[in-house]
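Residue strings, one per chain:
Number of protein chains: 4
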Amino acid sequence: MTETHLILTIRCRDTVGIVAAIASALAESHAFIVESSHYGDAETGLFFMRTVFRPTGSMAKTLDDFRAVLRPVAVRFDMTLALHAADQKMKVLLAVSRHGHCLNHLLHQWHSGELPIDIVGVVSNHEEMRRLVDWYGLPYHYLPMAGEKAAQEARFRMAIAMSGAELTVLARYMQILSDDLCRYLEGRCINIHHGFLPSFKGAKPYHQAYSRGVKVVGATAHYVTSDLDEGPIIEQETQRVSHSLDADAFVRNGKDIENVVLSRAVRWHAEHRVMLNGARTVVFQ
Amino acid sequence: MTETHLILTIRCRDTVGIVAAIASALAESHAFIVESSHYGDAETGLFFMRTVFRPTGSMAKTLDDFRAVLRPVAVRFDMTLALHAADQKMKVLLAVSRHGHCLNHLLHQWHSGELPIDIVGVVSNHEEMRRLVDWYGLPYHYLPMAGEKAAQEARFRMAIAMSGAELTVLARYMQILSDDLCRYLEGRCINIHHGFLPSFKGAKPYHQAYSRGVKVVGATAHYVTSDLDEGPIIEQETQRVSHSLDADAFVRNGKDIENVVLSRAVRWHAEHRVMLNGARTVVFQ
Amino acid sequence: MTETHLILTIRCRDTVGIVAAIASALAESHAFIVESSHYGDAETGLFFMRTVFRPTGSMAKTLDDFRAVLRPVAVRFDMTLALHAADQKMKVLLAVSRHGHCLNHLLHQWHSGELPIDIVGVVSNHEEMRRLVDWYGLPYHYLPMAGEKAAQEARFRMAIAMSGAELTVLARYMQILSDDLCRYLEGRCINIHHGFLPSFKGAKPYHQAYSRGVKVVGATAHYVTSDLDEGPIIEQETQRVSHSLDADAFVRNGKDIENVVLSRAVRWHAEHRVMLNGARTVVFQ
Amino acid sequence: MTETHLILTIRCRDTVGIVAAIASALAESHAFIVESSHYGDAETGLFFMRTVFRPTGSMAKTLDDFRAVLRPVAVRFDMTLALHAADQKMKVLLAVSRHGHCLNHLLHQWHSGELPIDIVGVVSNHEEMRRLVDWYGLPYHYLPMAGEKAAQEARFRMAIAMSGAELTVLARYMQILSDDLCRYLEGRCINIHHGFLPSFKGAKPYHQAYSRGVKVVGATAHYVTSDLDEGPIIEQETQRVSHSLDADAFVRNGKDIENVVLSRAVRWHAEHRVMLNGARTVVFQ
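Top to bottom, those sequences are chains A, B, C and D. Going by the numbering used here, the first residue of the first sequence is number 3, and it counts up by one from there. Going by the numbering used here, the first residue of the second sequence is number 3, and it counts up by one from there. Going by the numbering used here, the first residue of the third sequence is number 3, and it counts up by one from there. Going by the numbering used here, the first residue of the fourth sequence is number 3, and it counts up by one from there.
Just to be clear, a hint being listed does not mean it is correct.
[Said to hold, decoys possible] Derived DSS-like pairs (lysine-lysine); straight-line CA-CA distance at most 27 Å:
1. D:K91 <-> D:K63
2. B:K151 <-> B:K93
3. C:K206 <-> A:K203
4. A:K203 <-> C:K203
[To be verified] Here are the simulated distance ranges between beta carbons:
5. D:A152 <-> A:R214: 52 to 62 Å
6. B:G115 <-> C:G47: 49 to 59 Å
7. C:R242 <-> B:A44: 17 to 27 Å
[Claimed, not checked] A partial selection of chain C residues facing chain A, derived with a Cβ cut-off under 7 Å:
8. P200
9. R214
10. G215
11. V216
12. K217
13. V218
14. S228
15. D229
16. L230
17. P234
18. Q238
19. Q241
20. S246
21. A281
Think of the hints as simulated: they come from the structure by calculation, not from any bench. Virtual Cβ for every residue (Gly too), placed ideally from N, Cα, C.
Chain A with its partners taken away, still in its complex shape (with noise of 0.2 Å):
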């Protein structure tokens, strides 16, 4: 018997009916609405919605049957649908080059408890955060890029693979993925890019901010594409600077909003509150 919530996920093209349609099933199994919410983008016709419930009634009822509860809806209307656990962490794995904040940011509120996920390594092309990692009794995959890049895309996909990571995120990895490797994570790989996209794309975001004389930076997570830094965001937040700040104090100023970017981002898809429609995200907050 499940005791937890679920937590019910589905997109389809937008008709009447959908919603009746779900929730009486969820109703004739007793199933107690938390929290929902839908979406119906006008432009492409496409519906989402997200709904968390919890079992109620004397039946026990699994997982399993819940998704045979919904079968029959999912198949009327042709919907993508995925039910989990709330209880079930995502396995989460991290990527990082030499910058650690985004990194020391999630594996503490990893740790703490604060973050829903199931961390289960980290791989990094330096050595530098092999002792960070180390403390927090994980498995660090040191991944150098001294030889061919494909060669060590292998290894990286590799680990993902051994680890049963259903999510990567790149906390500052510093690397540009490969097409392949970037189709491979499609929809499962959040990036933290430190800049207000799509303002300041590719290399040395600050900088290239501060010579533009913005008084305002940002940073964003995004899904990652084979597209540089084009994927669907997620989440974006920005920071107010002034004349009186160097490139140097931007960078440092950016930090502290990569880490609460990055942090959001991966909390709200490892909640499944994050849907793709098209270049664009809904996100169920």
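Given the coordinates of chain A, assemble chains B, C and D onto it according to the supplied hints.
What follows is chains B, C and D alone, placed relative to chain A:
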């Protein structure tokens, strides 16, 4: 036949089957759900829902037809249920004293068609704003505080009743309403407080904030209750200040936030997005 | 005799002794420094300073007296130096097309004495805003784009010259100025761009932002240069948006930030707080 | 010889000639001013100044040489004057209870060289954070509250004295210091309050904020005084919340702001940017 969108809001004890019942009733009437939000408050056990739908199908349906369709559901779950046509603009009466910025902002937004309301007049205890209000072709109710407060409030109440105002907005009215008038206007009177509640209640909040040496100031839009500045908060916004600003600069900076905060609160109320949940509000954005 | 505050701004190569020379000249003339900010740009080697002072002592001193006192220092350090009386309001000409929100905001702030400027007229290529401008008793220069652009711009330039405008503000003017006019107005023409530069240059920035799926939108006030939307940025502000808002809602939300950003930029320019530093600005708040 | 930047801070009654005297003394000693900010408080009549300069010229000068040069000026204007070498890191002692997020954030920033301080140890009334502090190779002073508070505080005071700490940071220490200890630490003890002061003083501020139904939460870093949560505010920051978040989510969201706010306050204090102005602070950013 109703071509427009309809807005349904409900409030009741939370239990299994509410969404199913509502959504099924709508689906059977060929209503296409455009937007929908729910919220179940685990603390109070109350359920809130706002659903926007448009009629489809060959059979024309009026607002009353839908009311009839929904009535059995409302009875079954003992709901407070309301149904509005989205193109039926809410009638709003504004009240102002001498500071005209919020008044000017609301009038401009209304005049340029950005705010989905129908302003039916302006009440003031001063004459200063008459010329501006005249320009917009609106009635100006000059209600000086000269004599007895009760008499002035009776005339205020008359202005509300005669204009058919469904919402009264205190756009820097600077007068404390009697308990009686507060009760009369319960849930349909919004005030802008020029401070970040619950800090700095009462008079001269920016000067209080300056004396306390805060680094961020704010403004608060809330429903008026007989408990001064304690009504349910609809919206708040903040802005950074520094030691180099004096109390007058706090006031000046504050005006921009007041405009934005009050305008959002009025829009959300007029779109039936705000629901009372005890001393708090549910705001379906 | 000058009773008012005086505002001194200087710009020169940075070196030892600048502040000492300026401050000593002022002290010898019994000037009491009310407010002062410096900035030395390590990258460009330029020094910027803004000092507000008021004359004290028995000897009355005019603006020209102080100019005479400061001249030797200016010569010694090869300074660009300007001295203004704080109560001498800057003459400002506004330009607008059909979106009146920034115009309305600036006119109200000016009218209520909040903005330390002297608005001398409004230029527009449309007639829509005439009635509003008339209400404020200001000249309305209707300059339609019907014929040749050069002819229209000649009339625009004439309006600037005849009104004695020291600053021209493009308050959603929606016309691209010719290189010629841009050069003529260099450093004294502020534009509000309804997007977060350098993202989303050119037309329909909110629609661009919507398509890209950003989670934060912004507005930018900048000096106009012949390089479209590339001029030095004076002020920017941002606001969160969500997937549930469509492009029209982006536009609507954006208007509030545009008002605030443009109003701040105009105030700071009028108070001689903004200085050009190559493609960037120094803003002494 | 001093190769580094020097930071001069002064505070005195405001009058004519202060800047001239200081700047002239510095110029005569061939000091190149890198950064300078003044503030004259019209209300209190106090003048504040922070100037960063670097020695130039052939003659080597020590910190004491500059102190000697400035002494006559300090005497003349009855100044509180301090001179620090910018590369002389301030010694900081941290105090924490069971919530480790601020501690973890400060330790990481210090360890990665981002925070210009020298952490000399951590005090705690619990054992939970020992392992983390050990990893950073810092002394952990476990001072349980078991016995008499006075005895515990005596040991706390000893830890401060023995470590040579110039600043004590209560990084979620959750204990109210005695009046005595507050006085001992006046102006050199920073606390992070997990609420937007002056709202929500005392215990469980996020739960208070939740009950009041605010739409924005905040955190406040302030100097500790014997008047609980009433000390001069150094920095504040806010974040939007919605009805769908419960009190625990308020807490979680708040942690990110606490990290940022406390880290900024510590940096600014360590860089001698913060000066007391009665119950308020001057912060030269």
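Go through the numbered hints given earlier and state which of them the structure violates, listing their numbers in rising order. Hints 14, 15, 16, 19 contradicted; others consistent.
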